[in-house]
Amino acid sequence: MRNVLEKLRVLQEEEEGRLQGLLKSNGACEQQRRQLEAELAEFRKDLQRLAEEDLEPETKASTEDELVARWRLYSVTRAALAAEEPRVDRLQAQLKKLIAFPQDPQPLSDSVVATIQEFQRLKAKTSRLCNAADVQLWQRLQRPLQDLQLWRALAQRLLDVTASLPDPPSIHTFLPQIEAALAESSRLKEQLTILQLKKDLLGGVFGQERAAVLLEQVATSVRDRDLLHNRLLQRKSKLQSSLAQHKDFGAAFEPLQKKLLDLRIRIQAENGLQRDLPGKQAQLSRLQDLVDRCQQSVREHCTFSHQLLELRHWLAVLTQKLEAHRGYLGPWDAQSREAEAERLLAELPEKEAQLPLIEALGRLVMEKSSPEGAAMVQEELAELAESWGALRLLEESLQSLVRNQQLQRTEVDSGKKMIFTNNIPKTGFLITPTDLISRHHRRARPLLREGEGSHEDFSQLLRNFELWLQVENSKLVRIIAMKAATAEDLRTRETKLQELEARVPEGQHLFENLLRLGPARGSLDELEDLRYRWMLYKSKLKDSSLLLTGSSPGEPTGFQKTPRGRGLGAFCRKVCCVALPLQLLLLLLLLLLFLLPVGEEHRSCSLANNFARSFRFMLRYNGPPPT
40 MRNVLEKLRV LQEEEEGRLQ GLLKSNGACE QQRRQLEAEL AEFRKDLQRL
90 AEEDLEPETK ASTEDELVAR WRLYSVTRAA LAAEEPRVDR LQAQLKKLIA
140 FPQDPQPLSD SVVATIQEFQ RLKAKTSRLC NAADVQLWQR LQRPLQDLQL
190 WRALAQRLLD VTASLPDPPS IHTFLPQIEA ALAESSRLKE QLTILQLKKD
240 LLGGVFGQER AAVLLEQVAT SVRDRDLLHN RLLQRKSKLQ SSLAQHKDFG
290 AAFEPLQKKL LDLRIRIQAE NGLQRDLPGK QAQLSRLQDL VDRCQQSVRE
340 HCTFSHQLLE LRHWLAVLTQ KLEAHRGYLG PWDAQSREAE AERLLAELPE
390 KEAQLPLIEA LGRLVMEKSS PEGAAMVQEE LAELAESWGA LRLLEESLQS
440 LVRNQQLQRT EVDSGKKMIF TNNIPKTGFL ITPTDLISRH HRRARPLLRE
490 GEGSHEDFSQ LLRNFELWLQ VENSKLVRII AMKAATAEDL RTRETKLQEL
540 EARVPEGQHL FENLLRLGPA RGSLDELEDL RYRWMLYKSK LKDSSLLLTG
590 SSPGEPTGFQ KTPRGRGLGA FCRKVCCVAL PLQLLLLLLL LLLFLLPVGE
640 EHRSCSLANN FARSFRFMLR YNGPPPT
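40 is the number of the first residue of the sequence shown in my numbering; add one for each residue after it.
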């Protein structure tokens, strides 16, 4: 009995242990079940919230911003579903643990499986929508590049077609197309510029590599567009210019056509026989006018050719003589050749005054000649200017040689040098006694008034006088070149010449200030050149005034033939003006020779020699011709 009882107790304990284990297992299963149900309910709630976010709207995205917003929604949803993956794994693990219990978990396991399937379906849908939005956004961003490719082909075709358009209708056809292409180009440029500014967005949506490739394509397309755009602008400007030329030609052609028609009618009328005496007289008058104009043109051309030929011949002869003097200027006959050279050079100012007159006459001939004839006249004037420049260079070279000879003789002379001046009055002009001293002798002498005034004041006065003389000389040249067609033109020209003559005292006052101030050693040559130009200007002004009195309407000043008596009288007056001061000077020298002290023989001889040298210098006057 005891053994049986012991066995029963053992069985009882085992049964109690089994029942307690079963009770504990039921409790754990129930707890696990409740926990799984709670987590499953929460997971379903999250899935429901994600599924209710309108992942598939009824309308398609029409703008780029809507596509970006949807792509961001899908990306956020996909990221949220990806974050739920650990929870799904936990649900599956809990379901496996629950299946291990003896209780039947079939309803709960079905719910878990259905929820996991819903999760997988939502995840696949979100991935599909996100990829579709990615593709649509990429295509939308690629659209400007595709439009640019189409526009490039259109622009190139327009450039090829409009390379040579024959007539205005074709220009009117293609010009609006070019303007539309330019407007489309500006729109594409704006889109591509906006696309370049979305670098961060492109990197976030497509990744840095794809974004870099896209931006490189955009930059290349922008450069190509700029080139084609500029070519289209040039072509548009060319077509507009051609169209304007056609319009201008049309506007100018109509009156020209009318004039040609009128001219044809007049020619037919002139060729036909006149019906009455007044008609025949009118026809004869027109013919005589034409003949008069032709004769006038022939006379002007003959005058120009004759004066040009004379001046060329004079230039050739003078150049030959000056070359001979420059080549044979030796010590044995230096003074005689210097005098001869200075006599030849004295002719330059008078001939130089003829240059503007010949140029003005040449311009008048050019106006009445064909383009080929005008070109020939222009070439002749250019050759004349070149010959004159060569003569000027030869003059400077010869003057340099003469100056060197005079310097050598000046160094030999130890006696006191006396400067004789000549004052030749001129009607309407004020000339100081120092105006006509030989410019070559003065260059060889030391400064007579060194130290008077400052170099700065002298330079300023020199510039002012040069500017004043240049302005006055240009006015005189323009007056000489004026064509006097009527008596009113002659009066106008005379008035202008009188104005220039009225301003001569002003220039003389400026020049006297220069002489009174005294130049520096380096400015003596400039002062001598300025003195020469001043004398030449006054001579040209006086000659122009004299020639004006013999001019008639229709002919430029200086182109009229003056009477022989007037020319001879002017020449005689010039000879008298030159000879009278020389004769007075000779008498003065003879008087001084008689007044020399008789007792001092040696001193008297020295003074006589000095006076003789000074007298010899005076006889070799080589300044500009007195006028």
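A hint or two may mislead.
[To be verified] Quick list of simulated restraints, FRET-style, between CB atoms:
#, residue 1, residue 2, range
1, Q307, S426, 46 to 54 Å
2, A290, R179, 47 to 55 Å
3, T232, L272, 43 to 51 Å
4, G412, Q307, 27 to 35 Å
[What the hints assert, rightly or not] The calculated lysine to any residue pairs, modelled on SDA-like cross-linking and capped at a C-alpha distance of 25 Å, are:
#, residue 1, residue 2
5, K581, L625
6, K164, S150
7, K237, E218
Derived by calculation from the structure, the hints in this document are not laboratory data.
Values in this document were obtained by computation on a predicted structure and should not be read as measured data.
Here a beta-carbon is modelled for each residue, glycine too, at the ideal position from N, C-alpha and C.
Each hint, compared with the structure:
1. Between Q307 and S426 the CB atoms are about 51 Å apart, so this pair conforms to the stated range of 46 to 54 Å.
2. At roughly 52 Å, the beta-carbon separation of A290 and R179 lies within the given 47 to 55 Å, and the hint holds.
3. The hinted range of 43 to 51 Å is not satisfied by T232 and L272, whose Cβ atoms lie roughly 18 Å apart.
4. Remark: the range hint 27 to 35 Å for G412 to Q307 is upheld by a beta-carbon distance near 30 Å.
5. Restraint check for K581 and L625: not satisfied, since their Cα atoms lie roughly 30 Å apart, outside the 25 Å limit.
6. With a CA separation close to 21 Å, the supplied pair K164 and S150 stays within the 25 Å bound.
7. Distance restraint check for K237 and E218: the Cα-Cα separation of roughly 29 Å exceeds the 25 Å cut-off, and the hinted pair is therefore not satisfied.
Checked against the numbered hints listed earlier, the structure breaks hints 3, 5, 7; every other hint is satisfied.
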